[in-house]
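Asks: Take a look at the letters that make up each chain.
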Amino acid sequence: MNIGGMEWGVTLWIDLWAAGMAGGAFLTAFLADKFSGGRLKNLFKLAVCTGIILALVGVALLLSHLGNILWFWHMFVTVRPESVLSLGGWILSGWLTVACIMLVLWIISHYARGLKSFADKATNVLSWVGFVLSILLMTYTGVLISASSEPFWAITPLLPAVFVVSAVASGVAWLIVVSLVVNWLNTTGNRAWNWFIEQFFDDSGWQIDSVAISKLAKSLVVVIVVELVVLVAFILWLSASGSPAATEGLRLLTGGALSLWFWVGLIAAGLIAPLILLAMNWKRDFSSGILAAITFSSAGLVVLGGLLVRALLLIAGQA
Amino acid sequence: MSKAILFDLTKCTACRGCQVACKQWNEHKAEETSNQGSFENPKELSAETWLKMRFIETERNGKFDWLFLRRACLHCEEASCAVVCPVGAIFKTEDGFVHIDQEWCIGCGTCTQACPFHVPHIDHHAGLAMKCSACTSVGYNRLDAGLKPACVSTCPTGALTFGDRDELVSAGRAQVDKLKANGHPNAYLYGENELGGLHVMYVLDDSPSAVYGLPDDPKVATADVVGKWLSGLVTAGVLTALPFWLVFKRKQELAGGSGKKGGA
Chain A
8 MNIGGMEWGV
18 TLWIDLWAAG
28 MAGGAFLTAF
38 LADKFSGGRL
48 KNLFKLAVCT
58 GIILALVGVA
68 LLLSHLGNIL
78 WFWHMFVTVR
88 PESVLSLGGW
98 ILSGWLTVAC
108 IMLVLWIISH
118 YARGLKSFAD
128 KATNVLSWVG
138 FVLSILLMTY
148 TGVLISASSE
158 PFWAITPLLP
168 AVFVVSAVAS
178 GVAWLIVVSL
188 VVNWLNTTGN
198 RAWNWFIEQF
208 FDDSGWQIDS
218 VAISKLAKSL
228 VVVIVVELVV
238 LVAFILWLSA
248 SGSPAATEGL
258 RLLTGGALSL
268 WFWVGLIAAG
278 LIAPLILLAM
288 NWKRDFSSGI
298 LAAITFSSAG
308 LVVLGGLLVR
318 ALLLIAGQA
Chain B
3 MSKAILFDLT
13 KCTACRGCQV
23 ACKQWNEHKA
33 EETSNQGSFE
43 NPKELSAETW
53 LKMRFIETER
63 NGKFDWLFLR
73 RACLHCEEAS
83 CAVVCPVGAI
93 FKTEDGFVHI
103 DQEWCIGCGT
113 CTQACPFHVP
123 HIDHHAGLAM
133 KCSACTSVGY
143 NRLDAGLKPA
153 CVSTCPTGAL
163 TFGDRDELVS
173 AGRAQVDKLK
183 ANGHPNAYLY
193 GENELGGLHV
203 MYVLDDSPSA
213 VYGLPDDPKV
223 ATADVVGKWL
233 SGLVTAGVLT
243 ALPFWLVFKR
253 KQELAGGSGK
263 KGGA
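These protein sequences, in sequence, are chains A and B.
Residues in the first sequence are numbered consecutively from 8, following this note's numbering.
Residues in the second sequence are numbered consecutively from 3, following this note's numbering.
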């Protein structure tokens, strides 16, 4: 198996992972904030700011994947709804634009208090647009792969579902990781960090509510269960497809050269272990002491599992 | 008028004159290869090899058979590569051949994954997708000069013919009927109807999929893309509605509104 020679290689795995996770983090924080009556604005800001970084990584890798990088602009003078990559390019650009405008509005409202009311209204409208674009962004990463002639990817409509649920799981896990990091940075008294936060955000700092982190961890438990269900359905569909190429890809994944990465890396370390660790501590405070370390590690494993899902599925489809 | 190439494998001797003519006309480099245990060389199509002969060793009716198949772009009427191209660099010529605009291609590789025959390849030096253009490439256009494609011109046995597609369909059907009457019940004209009609058709003496490894009913890569979008969107919908609502609905547990330390 020549992984280095595969047309859709490591840059695309990371691109799809980073873009999906940006969408998942946005969607998670948006819903968490809405369902909790607007009490999680800082979490939402964190999702948008770190999501911009993830999306920029995705854009950079998408461009580096192009054979002719200097002609990338051809994508932005062409609208081809029938091409998933064309749609995806526009969705990713739209998402980034919305997220960046929101960031600018927050900064403006910080410096020009008179504009706060306008900025709040505008960011509220943009957050709904961003929510829709986040769903499209997560979905596009899966549809791009499945709109192909490789039976392993194309024979089942469940591949986009796998990508979406994995993007949401990675997004929730990413938010947990960065929330814990931000809260820890707040306790260090680091001057540069404090200056950064005070310049761009709130005078009171950027603390993420510990209850919110616990709730994110609980959400992650539910999303992991959904991901396992969707993965099982995907595997069953492939095995029942009767397509030799799809069955061969599945054999590679579950019993061949990729099986160790699949069973130990993805299923055991990336899903089951975090699920057990987080479920065992369901009623406790996930954000302090040893439990914070466990939560951080579990979420980190889910984030890495999200990358592994994409890597393994892309390799198995091209092997 | 729609044009096509007809490949009658019952007339092919696998001299590979077509393979060499393609390389010569398009000024493609030779590739370093290794022995794969067959006369077939190179192993696969590439950015430098747009046409190659496949050598198939098989057993039919208890006898060993050595079969030859031309492998190059089949110039689908409903071309997956053209549909998925994000910049519209792949289009059909007036003759019906599928052409990649080398001045507009960005080398994303989407076409390489979409083609049901795995034909396009990325030239990593030029950063462009490459495949047979039926000799319509800019600067190498034989058809505009009133010539046949190089592979057809060089074929010494008449296994390759070029002309109006309707006439070649009739000729192909007649050859298939002859084969059927001469002990080849599974003879088939591949490309007459597949993907809206291919502009390179094969007269096969046996089953396309079982013997020659061709897809029985190839589909455009985006044929069921609406279902795939729905699959993702429905999953996103279920995920957005359920877990977050269940977990975050008890908002009184959270501290105060936005902007407050420890709460927002």
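The hints are simulated quantities; they were obtained by calculation from the structure and are not laboratory data.
Note that the coordinates shown come from a computational prediction; the quantities given were computed from them, not determined experimentally.
Idealized CB from N, CA, C, for every residue including glycine.
Hints should not be assumed to be uniformly reliable.
[Unchecked claim] With a straight-line Cα cutoff of 35 Å, these simulated DSBU-like cross-link-like pairs (lysine-lysine) come out:
no., chain 1, residue 1, chain 2, residue 2
1, A, Lys41, B, Lys45
2, B, Lys182, B, Lys251
3, B, Lys221, B, Lys65
4, B, Lys45, B, Lys31
5, B, Lys251, A, Lys290
6, B, Lys251, A, Lys128
7, B, Lys251, A, Lys123
[Said to hold, decoys possible] Restraint-style ranges between C-beta atoms, simulated for each label pair:
no., chain 1, residue 1, chain 2, residue 2, range
8, A, Arg258, B, Lys31, 30 to 40 Å
9, A, Ala67, B, Lys31, 25 to 35 Å
10, A, Asp127, B, Glu46, 36 to 46 Å
[Stated by the list, open to error] Output of the computed footprint for chain B on chain A, the stretches with three or more beta carbons under 8 Å from beta carbons of chain B:
no., region
11, 28-39
12, 73-82
13, 87-94
14, 168-174
15, 225-237
Asks: Hint by hint, note whether the structure agrees.
Replies: Tested hints:
Under the criterion of a C-alpha separation no larger than 35 Å, the hint pairing Lys41 (chain A) with Lys45 (chain B) is inconsistent with the structure, at around 57 Å. Restraint check: the Cα-Cα separation between Lys182 (chain B) and Lys251 (chain B) comes to about 71 Å, which exceeds 35 Å; the hinted pair is violated. At roughly 34 Å between alpha-carbon atoms, Lys221 (chain B) and Lys65 (chain B) fall within 35 Å of each other, so this suggested pair holds. A C-alpha spacing of about 15 Å is found between Lys45 (chain B) and Lys31 (chain B), which places the hinted pair at or below 35 Å, so the restraint holds.
A distance of roughly 16 Å separates the Cα atoms of Lys251 (chain B) and Lys290 (chain A); the hinted pair therefore holds under the 35 Å criterion. Between Lys251 (chain B) and Lys128 (chain A) the alpha-carbon distance is near 23 Å, which keeps this suggested pair within the 35 Å criterion. Note on Lys251 (chain B) and Lys123 (chain A): the hinted pairing holds, with a Cα-Cα distance of about 28 Å set against a maximum of 35 Å. Between Arg258 (chain A) and Lys31 (chain B) the beta carbon distance is about 37 Å. The supplied range of 30 to 40 Å therefore holds.
As the Cβ distance of Ala67 (chain A) to Lys31 (chain B) is approximately 32 Å, the hint placing it in 25 to 35 Å holds. Separated by about 58 Å at the C-beta atoms, Asp127 (chain A) and Glu46 (chain B) break the suggested range of 36 to 46 Å. For the region 28-39 of chain A, the proposed coverage by chain B is satisfied: 4 residues have a C-beta within less than 8 Å of a C-beta in that chain, meeting the threshold of three. With a cut-off of 8 Å between beta carbons, the region 73-82 of chain A has 8 residues touching chain B; three or more are needed, and the interface restraint holds.
Remark: the region 87-94 of chain A is confirmed as covered by chain B, as 6 of its residues place a Cβ nearer than 8 Å to a Cβ of that chain, reaching the required three. Counting residues of the region 168-174 of chain A whose beta carbon lies closer than 8 Å to any beta carbon of chain B gives 4, which reaches the threshold of three, so the coverage claim holds. Evaluation of the coverage hint for the region 225-237 of chain A: fulfilled, as 6 residues show C-beta separations to chain B shorter than 8 Å, against a requirement of three.
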